[in-house]
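Asker: Chain A is already provided as a structure; the job is to place chains B and C on it using the hints.
Protein chains in written order, with the working numbering: chain A, 1 to 305; chain B, 306 to 644; chain C, 645 to 951.
These are computed hints drawn from the structure, not numbers from a lab.
The beta carbon of each residue, even a glycine, is placed where N, CA and C say it ideally should be.
SDA-like mimics (lysine to any residue), calculated; alpha carbons at most 25 Å apart, straight line:
(1) B:LYS368 with A:THR125
(2) B:LYS393 with A:VAL217
(3) B:LYS370 with B:GLN337
Label pairs and their computed distance ranges (CB to CB):
(4) B:GLY341 with A:MET130: 50 to 56 Å
(5) C:LEU850 with B:MET552: 57 to 63 Å
(6) A:MET130 with C:ALA849: 50 to 56 Å
(7) B:LYS433 with C:TYR787: 49 to 55 Å
(8) A:LEU29 with C:PRO864: 37 to 43 Å
Each chain is listed here by its residues.
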Amino acid sequence: MAKFLLHRLYIAILVAITVSVIAFSLLRLSGDLAAELAGEDASEEEIAQTAKQYGLDRPLYVQYFDWAGDALTGDLGRSLFTNEPVVEMIFERIGVTIKLALYAIFVSLIVAIPLGVLASVRPNTLIDRMALGIAVFGQAIPNFYFALLLILLFAVNLRWLPISGNDSFANFILPAFTLGLGAMPQFMRLTRSGMLDVLDSDFIRTARAKGLNPRRVLFKHALRNAILPIVSLMAVVLGFLLGGTVIIESIFALNGVGFLAFESIMRQDFPVVQSIVFILSLSYIVLTLLSDLINAQLDPRIRLG
Amino acid sequence: MSSDTVLEVENLSVDIAVPAGTLHAVSNLSLQVEQGETLCIVGESGCGKSITSLAIMNLLPRKAKLTADKLALEDRDLLSMSESEFAKLRGDRIGMIFQDPMTSLNPVFRIGDQLEEVYIQHGKGGRKEARERAEFLLEKVGIVAPTERLSQYPHQLSGGLRQRMMIAMTLMCDPALIIADEPTTALDVTMQAQTLNLLRSLQKEFNAGLILITHDLGVVARMADRVMVMYAGRAVEIGSAEEVFDMPTHPYTQGLIDCIPVPGRTEPGSKLGSIRGIVPALVGDLDGCMFRNRCDHVSDPCLSGDIGLTEISAGRAYRCHLSPEESKNKLSVEGAACP
Amino acid sequence: MPDTIHPNGLEDQVDEFEIAVPSPPELMRRRAKSHRGFIIGGSVVLFFLAVAVFAPVLAPYGPYDQELTKRLIPPVWDAAKGTWDHPFGTDALGRDYLTRLMYGAQISLMIGFFAAAVSAIVGSTIGMIGGYFGGRVDNFIMYLINVKLALPGLLVALSLVSVFGGSILALILILSFLFWDRYAVVTRSVTQQIRVNDYITAAQALGTSRTRIIIGEVLPNVMNQIIVIASLEMAVAIIVEAALSFLGLGVQPPTPSWGLLLSEGRSYMFFMPYLINFPGLAIFFLVISINMMGDGIRDITAPEGRN
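Excised from the complex, chain A in its bound form:
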């Protein structure tokens, strides 16, 4: 178990370093940074001087280590646009994004797991087909279009919910629902197929042969086994949702990291973009490590193996 986790940690660190290199290169891809910093009608001399001032005349790898060193101490540089420290900009907004992602995953799980279980218990019946239909719908509807439909229906026609803003819980309902619908089909399918596999297994037959009541067989013996892959998927999806907030936050004007990323890309503010890419990657890496830990806790074969 310790060996397993150490190996995972080693891979995670390797991946994190690579990601930081990629994020760093993203900034360089965007063109001549010094020219950008010096302003639009700066002369060659001024540009050269700016380059020197910011250390941009040094070899790239030196610049990378410089940046990475700063990043380790929590300094991700300043925005080209507002000149604010990037770390502050992100931390002001990350709460909104985390809240949104968590609500979304909650919405999708609360629909997907019961639906997946029901579908697996009664395969090829009406309820199974309905579950599949919802999954197919959720997979095929573009979330930006679905978001607009929700706005039209609930915010404009029914006037139940606000269109945009990020002050209250009500602001999160539509975005969370939109984002959650997108993640729902994967959970539903995984729950259904996992449960079908588990329900077919010998130990479930044993549990039934013991005369346990069906609910106990289903929720204790079966779901507990089927939940293991769902935990792994949760980490992946949560990471994915954090990235997916770019679209949803810009549509609902939620002032989170996704919206910040979108704005920064639009105004070519690459120090901010690269930092967000880096932080989201890191959070994905941490989440998958966390799901490994949780799975190890849930599955004695890993914990004691």
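Answerer: The following block gives chains B and C in isolation, referenced to the frame of chain A:
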């Protein structure tokens, strides 16, 4: 039927819907098990022996349809019971041990939980009594340090130990009938004998009826009071263990017995008997003797019509149109030809 | 007991016990014909394809023809203002909406298809190499896949588009970068399974080169999976292209991408909801039918992996 009869089955049939039609997995099967008695059901894979056990447990897959004239456990009519009433009997009055101990226990729960759960579910007592009962039974099945074992997970135990856990689990509520479906097939040879001995001694001690399903005549010889030979979903021969081994009447039983080497009689290096051909597909309307494509004594009466069970004496019957004498003669001729 | 000779000439009796088993291609054809999802999905995809290919012939106008006097005409079923001249109405610049939707199908299908194809080639190659060679090579490839999974794909794609621009070629390449990993994961594990088979060992013993073994022996075995993933990824690629264009970081105006149509229609959606509903539903139906077709292909080629 005597008052000691634990299980009585009359004309049990199981049909399974498959894409090609209806599969007659079990046809018109009747059997009885007395208290403390061991009935071995023997046959090759696909002959319907496992389906029979699942039918008795009411654990058939959804696609399978069960019909029977009578299905009674300790004089309770099982056919008229709802699934929830039946569930109350499973694990309590009737327990089952499955073939593969590696997959038959839930990997994410402790052994102790899985044993105690049966006891608590059937209202035999609380957590503490359940724990005591589990420890008691673990000692019975020959496990040292039961307390420690109970807090372990299935993957930490060997196959032999797990099968003992399964046996202990079946005994938690002191059942009247135990069904063991190939309980030693998945174990290695040294564990097989030990586990069978254990099963036999515990069955006698707890005075439970035992249905032992196997394809291994060696196991039958060691364990059985009575034997039922199954072929293609039907019983082809029934009788006490001695009768069936000493005077096999159905050509299939004879073939099976020819396949076992006998110490002292079978010469080293000589060829053992085998039954040629394959089991017929049991789909669609079945007519005539199911064994006819593999039998050496086929004649016109085998080709069509219903070949019923012929009773020779009480509890002794076979399903073939040859008379016991005829088949005995043919057997001896065959036996002479076979080195 | 005799083993070979059948006594009494009862061979006919034996035959009666056997069931005829159809050949695999015949089975597949039969499954395809009876698979409703595949037939419906496939037909709708073909319909969209026909519309895209024949748009220049079928479309009533040119995709960029503006008529500023005929701005925001509602669809024909609007009793007051609808007209058969513009069955699906016009947009804010007076362009025929039906025409633009038809040309939009070209963009979606082209970008979706090529993004799925390029990523299939890249991902499968990477996956087969990892699965076939194992060891250090495989470790490196697993590491590449892990890095890809860790990056927030949509965000990286948006940044790349903002750097390299929204040309169709750039979009195809950037989207390919988003989707190669699933091919790699699947082909890698399938390759690992078949690498140990006897026919691979036999080919190795004969001195067949590794490239030839991978192309000749491994690829045919993973082809079914690749096609299934490709169809599903094509659907996702179509959505992502539309999303990028919707955010203004994909196909640039005035090119009629469905995502762009949605984003242009957004300002008028409270009064003219058809401006978002037509392109939205177009994406939805194209994607859902591609998915149905992909699920169908999976069921038809490998029915045992259905759930």
